[in-house]
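2 protein chains.
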Amino acid sequence: MSKFEEKTIHSERIYEGKIINLKVDEVMLPNGNQSKRELIEHPGAVALVAITEDHKIIMVEQFRKALERTIIEIPAGKIEKGEDPKYTAMRELEEETGYSADHLELIQSFSTSPGFADEVIHLYSATGLKKSTSGAVLDEDEFVELLEVTIEEAEQLMKVNRIYDAKTAFAVLWAKQKISTEN
Amino acid sequence: MSKFEEKTIHSERIYEGKIINLKVDEVMLPNGNQSKRELIEHPGAVALVAITEDHKIIMVEQFRKALERTIIEIPAGKIEKGEDPKYTAMRELEEETGYSADHLELIQSFSTSPGFADEVIHLYSATGLKKSTSGAVLDEDEFVELLEVTIEEAEQLMKVNRIYDAKTAFAVLWAKQKISTEN
Numbered sequence: 001m002s003k004f005e006e007k008t009i010h011s012e013r014i015y016e017g018k019i020i021n022l023k024v025d026e027v028m029l030p031n032g033n034q035s036k037r038e039l040i041e042h043p044g045a046v047a048l049v050a051i052t053e054d055h056k057i058i059m060v061e062q063f064r065k066a067l068e069r070t071i072i073e074i075p076a077g078k079i080e081k082g083e084d085p086k087y088t089a090m091r092e093l094e095e096e097t098g099y100s101a102d103h104l105e106l107i108q109s110f111s112t113s114p115g116f117a118d119e120v121i122h123l124y125s126a127t128g129l130k131k132s133t134s135g136a137v138l139d140e141d142e143f144v145e146l147l148e149v150t151i152e153e154a155e156q157l158m159k160v161n162r163i164y165d166a167k168t169a170f171a172v173l174w175a176k177q178k179i180s181t182e183n
Numbered sequence: 184m185s186k187f188e189e190k191t192i193h194s195e196r197i198y199e200g201k202i203i204n205l206k207v208d209e210v211m212l213p214n215g216n217q218s219k220r221e222l223i224e225h226p227g228a229v230a231l232v233a234i235t236e237d238h239k240i241i242m243v244e245q246f247r248k249a250l251e252r253t254i255i256e257i258p259a260g261k262i263e264k265g266e267d268p269k270y271t272a273m274r275e276l277e278e279e280t281g282y283s284a285d286h287l288e289l290i291q292s293f294s295t296s297p298g299f300a301d302e303v304i305h306l307y308s309a310t311g312l313k314k315s316t317s318g319a320v321l322d323e324d325e326f327v328e329l330l331e332v333t334i335e336e337a338e339q340l341m342k343v344n345r346i347y348d349a350k351t352a353f354a355v356l357w358a359k360q361k362i363s364t365e366n
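These protein sequences, in sequence, are chains A and B. The first sequence begins at 1 in this note's numbering and counts up one residue at a time. The second sequence begins at 184 in this note's numbering and counts up one residue at a time.
No wet-lab data here; the hints were simulated from the structure. On a predicted model such as this, the values are computed, not experimentally measured, just so you know. The beta carbon of each residue, even a glycine, is placed where N, CA and C say it ideally should be. Take these hints with a grain of salt, some might be off.
To be verified - Dumping the calculated DSS-like pairs for lysine-lysine here, alpha-carbon to alpha-carbon at most 30 Å:
#, chain 1, residue 1, chain 2, residue 2
1, B, LYS359, A, LYS176
2, B, LYS359, A, LYS81
3, A, LYS7, B, LYS261
4, A, LYS131, A, LYS56
5, B, LYS361, B, LYS269
6, A, LYS78, B, LYS186
7, A, LYS159, B, LYS190
8, A, LYS7, B, LYS342
9, B, LYS342, A, LYS56
10, A, LYS176, B, LYS186
Unchecked claim - Some chain B residues close to chain A (C-beta under 10 Å, calculated; not the full set):
#, residue
11, ARG220
12, ASP301
13, TYR347
Start from the sequences and build out the full structure, keeping to the hints where you can.
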């Protein structure tokens, strides 16, 4: 049993959506008191650190309704039901960027918002990149612009909050360490 | 206007909770099609990279209901209404860890889940740490264990997924770069 475990007394499903569900759990705390936990269920996602031969990180710019603006992120996508995360990563890389990779390696899996969501992102390193002849194949309702940025450019984009999400911030630090170790 | 902007046609509030709200927006896409966006509102949070004189990172272990297990994280906390994030950071450091800091500096702000949530974490570096005589002052319903880990220990904890959230993963890489630059 986990230390400090909170036992569920009652769970109420508030909303079941296309991407997220919301439930509210009544829990018993370790001291016997009760409390409420508002919890989001999410299928999980993958993201990729794809570095080109000339040491540029492949990124995509897209509008994020939750933030009401466009931000620049590493390629990422939701895991479809039953899909192996590594397959999702391969698929998303090709669809969003038009690159394929010889090899994907898991860097780290992490929870994005452990306080209220079960979303986990599996972050892969993509190597042996090749541009496909067809280019990116976006869904009709997907609006994404491809970018390739140096580490220095990425750090500058972080300073001005155009790179503004946790997975991409992590990816930029990781890529910086990787490139500096290789040189 | 943002590139690729999605205009809100209709917004339905599904749930207003203690920590999060859920709304579902009907949006107009750049190509004129319509789509739905399930969106979580969150007040935002702060987190702290606090490194002791002997190069250990201060962390806390706590149960996270969304993940149904305990994980090890850097100190963090929600921003109370009207609170300056820097003040929140100072307060959370003292309450959760019993340390106070002479100086806080913003490292980076980032969105945790831009696909569905507006939560932003402001990550501070805390320097000039002093242990308070009173120690940590937790709420009655808060169950947190204090840890101090070296960079090597933190990297090992990441490998076995006991450090498992994005802000802490970022913090470990950041701390590693900072300590290696200083030495």
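Evaluation of the provided hints:
1. B/LYS359 / A/LYS176: 12 Å, holds
2. B/LYS359 / A/LYS81: Distance ~37 Å between B/LYS359 and A/LYS81 Cα, so the pair is violated.
3. A/LYS7 / B/LYS261: OK: A/LYS7 and B/LYS261 at ~23 Å, within 30 Å.
4. A/LYS131 / A/LYS56: 14 Å, holds
5. B/LYS361 / B/LYS269: 21 Å, holds
6. A/LYS78 / B/LYS186: Since the Cα atoms of A/LYS78 and B/LYS186 sit roughly 23 Å apart, the hinted pair holds (cutoff 30 Å).
7. A/LYS159 / B/LYS190: Distance ~28 Å between A/LYS159 and B/LYS190 Cα, so the pair holds.
8. A/LYS7 / B/LYS342: This hinted pair holds, its Cα atoms lying about 27 Å apart.
9. B/LYS342 / A/LYS56: Roughly 26 Å between the alpha carbons, so the hint for B/LYS342 and A/LYS56 holds.
10. A/LYS176 / B/LYS186: At roughly 29 Å apart (the allowed maximum being 30 Å), B/LYS186 and A/LYS176 satisfy the hint.
11. ARG220: 4 Å, holds
12. ASP301: For B/ASP301, the interface hint holds, since the closest Cβ of chain A sits about 5 Å away, which is under 10 Å.
13. TYR347: Holds. Min distance 5 Å.
In summary, the one numbered hint that this structure violates is 2.
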